[in-house]
Structures are given as C-alpha cells and as structure tokens.
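Visitor: Sequence:
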Amino acid sequence: MRSIALLRLVALPFLWSCTSGAVGQEFASISHMGDDLQLVVGEENVEELTRPEYPGELDLGGEVYSQDWNDTGTCDACRSRRRHGHSSSRGGRLFAALSDALCVCDECYKPEWHLLESASFWINSARPQNRTRIRWDYGRDMMLADRAEYFWARSGGLGPNPPAGSQSLRSLDYHELSHYSEIAHGKFSAFVNTPYRSLYMNELGHSAGFSDIQLGTKSLLYDTPLMQIALQMTTSIPSANTKSGLGVGHVSLEPALLFGLSLTERSYMQAEIAEWIPLGGDPEYAGALLRWGVSLNRITWQHDADNMMSVNLDLFGWSFQDGAYTDPVLGTRSANNETYLYIGPGIRLLLCGKFELGVGTASAVTDRHFAEQVVRTEMTIRY
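Here the sequence shown stands for residues -22 to -1, 1 to 361, numbered as in mature numbering (1 follows the signal peptide of the UniProt record, and there is no 0).
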C-alpha cells in the first residue's frame, strides 16, 4: 500500500508540471522525511490554471431579455463608480442596491430589444424599434359607441343617424385591420398607423372604409437593464367618413408615459398611462379621458435567444373625465366619472429574432363597456 501511495505522489508533480505549462528549469522535487513526504513545487514561470468548463452548464444562447443588472462585467469605469462605502445598516445596504440598479454605468450596458419588453397586446412598449406590424381586431357587442366621441362622432350629429324608434344604436360588431410602421434612430422613433374599419351595425347595416390616421413620436427618457421610461405623443388626424361610423371628425392628442420593469430573468412588467385630449368635436360630447394599463409578461419556452414564446396577462381601462354619450332610451347622458375595465391573456411567438406571431383577447369586467370582448391578432417584422 505504501508503494502505491508513493507511486502516486511521484507521478503527481509530473502531471502538475505538464498541465500548468511550466517552462522554467525548476521542477517538483520530493524529499522523504521519515513517514512524511514533502512536495516542493517551483513557482518560477508557472502559469495560473484556468477554471475548467463543466459539461453540466447549459448555454441557451444568451440572456432571455437583457443583461444581468447585478453584474457590471469587466468594465473598469463601472467598477470605479460602484466603489461606495460598505454600510452595516439595512438602510445603507438598501440604498447601495438601489443605486447599483438605477444608476447603471452606461459604458457597460448595451441597449437592445428583447421580446419581453413588448409582449403585451394592449400596452405600448417603451423602447423605440424598427418594425412593421399588421394587426387585426374583432370587437363583439359594442355599446354606446359615441361616448366622449372616442370611437365615433355623436349619433345624429356628425356620426351615424340612430335607427327608427331609438336614440342611438344599441350594439354593433366591428373588425379593424391596421398597418403600423415605426422607424427608430437611437432613443427616438416616429410611427404612423393606418386602420381600416368594417362595421356590422344590426339595424343600420354594414359600412367599411379607412378610419382616422394616427401619427406619433416616441422618446426613450431613461434606459437601464432594470427599467425603461419613455414619452410618446400620438396625434389622430380626422381622415374618415364620420357618417359611416369610421371616425370621430376632429383632431385629438394623446401624450403617454410608457414604463418597463424587469422582474426576473424571464418575467417583465409593462405599464402605460395616457391622456386622450380631443381638439374640436361636438362641444357637449367630445371629452377627455385617461387610458391606462399594466401587463405581466413571462417567457414560457425558449429554444435559443432568437426563438422563444411568451405569455402575458393584461389589465387596462379607460377612465372618462368629460363629455357625453347617447343612451338608446334616455338620450344624452354625462360620460364622466366612469371607468371601462378589461382583462385578458395573450401568447406571442418569436422566430429568427425578427418575426412575431401573437394572439390576445380581452373581456370587459364592467357592466358598461366598448366591445364586450375583443380578439387581437398581430404579425410583426423587425428590421
């Protein structure tokens, strides 16, 4: 047994010298002192061993949505900025963690689009993008379509005339196909949205045509691996036939704040708050409203960084602040101090890092609403 142990100890320095790549003239030597053996290794010209790659580590082709915001990598500028005093208090450690997350070093962070940042079907994404999107909406059982002149103009005014024996149309179904193009440069983008609307209005029959065109810009104000904040401004141009129910007949502005927050490596939250402001329109009916929403997004399947699938849950609504609507029985009624609330899931598939296919649905949870249920289908190409 001693001979076997001695043989192992004799072979060990030879193997060590081969793997370490020593080029000096000093080699490992063994001196025998009683029953103990001492190993002396020459330190001159010995290269440092590197950490081996373990086969159990699985490479999925990069991070799912962004860099790890807890890691600054090898950026020396970031390391120097992060040299803060180590605090023994909980408050100090909390402040240090928040500072590292929110005040990320620009030299280390590489901004890029990821699926989770724009997986929602009802909340606009904060990051400017180069993309073209085709969207199809199907809305079922819509009521009070002239409320605040948001969907169409006042019934009996610039909007469609009501059916005989009623103050306004009781319900309708609609299809809307829209073409959206966005061009981005750095932290700024401009976009145009052209919708085509088809209405099935029961007693009033069917009408179809282009709806009001929307133009807008988006500016990314704050961008870190943890959070994005953007300002978006949308202008709606009255380009549709209002008597057919295809437009509202007036200009409207919609400034919006867009938020994005990474929760985990596979989870993300989108949020939006926007104020819709009509310019012109019927002085009694056209009224401002607050549009808001939040979405929770999560990656559920991933083949690699360019092929994955996400699911999301959206909660959004419209809070009316002014204006009026036409009740089918009671006639003109005030539209303010009421909120339409919707909730619904969605699923989105990313292919080759540039093609997206997705379907989402939303259902009204309030008694009064626009469409009772909306199904949204999207196809997006990024370039």
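Worth flagging that the hints you see were computed from the coordinates, not collected in a lab.
Predicted model only: the values in this text are computed from it and were never measured.
For every residue, glycine included, the Cβ atom is placed at its ideal position computed from N, Cα and C.
Be aware that one or more of the hints could be misleading.
Simulated restraints, written as ranges between beta carbons of each label pair [to be verified]:
no.	residue 1	residue 2	range
1	Thr172	Ser67	52 to 58 Å
2	Ile215	Gly331	32 to 38 Å
3	Glu181	Leu209	42 to 48 Å
Simulated crosslink set (DSS-like; lysine-lysine; CA at most 27 Å straight-line) [stated by the list, open to error]:
no.	residue 1	residue 2
4	Lys332	Lys165
5	Lys332	Lys88
6	Lys88	Lys165
Visitor: May I ask you to test the hint 52 to 58 Å on the CB atoms belonging to Thr172 and Ser67?
Guide: 57 Å, holds
Visitor: Lys332 and Lys88: Cα distance at most 27 Å?
Guide: 19 Å, holds
Visitor: Are Lys88 and Lys165 close enough, with their CA atoms no more than 27 Å apart?
Guide: Holds: Lys88 and Lys165 sit about 13 Å apart, inside 27 Å.
Visitor: So the hint says 32 to 38 Å: do the beta-carbon atoms of Ile215 and Gly331 match that?
Guide: With Cβ atoms ~34 Å apart, the hint holds.
Visitor: Determine whether the Cβ-Cβ distance between Glu181 and Leu209 falls within the hinted range of 42 to 48 Å.
Guide: Given range 42 to 48 Å: holds, Cβ gap about 43 Å.
Visitor: Quick one, are Lys332 and Lys165 close enough, alpha carbons at most 27 Å?
Guide: Between Lys332 and Lys165 the Cα gap is close to 19 Å, so the pair holds against 27 Å.
Comparing the model with each numbered hint stated earlier shows that all of them hold.
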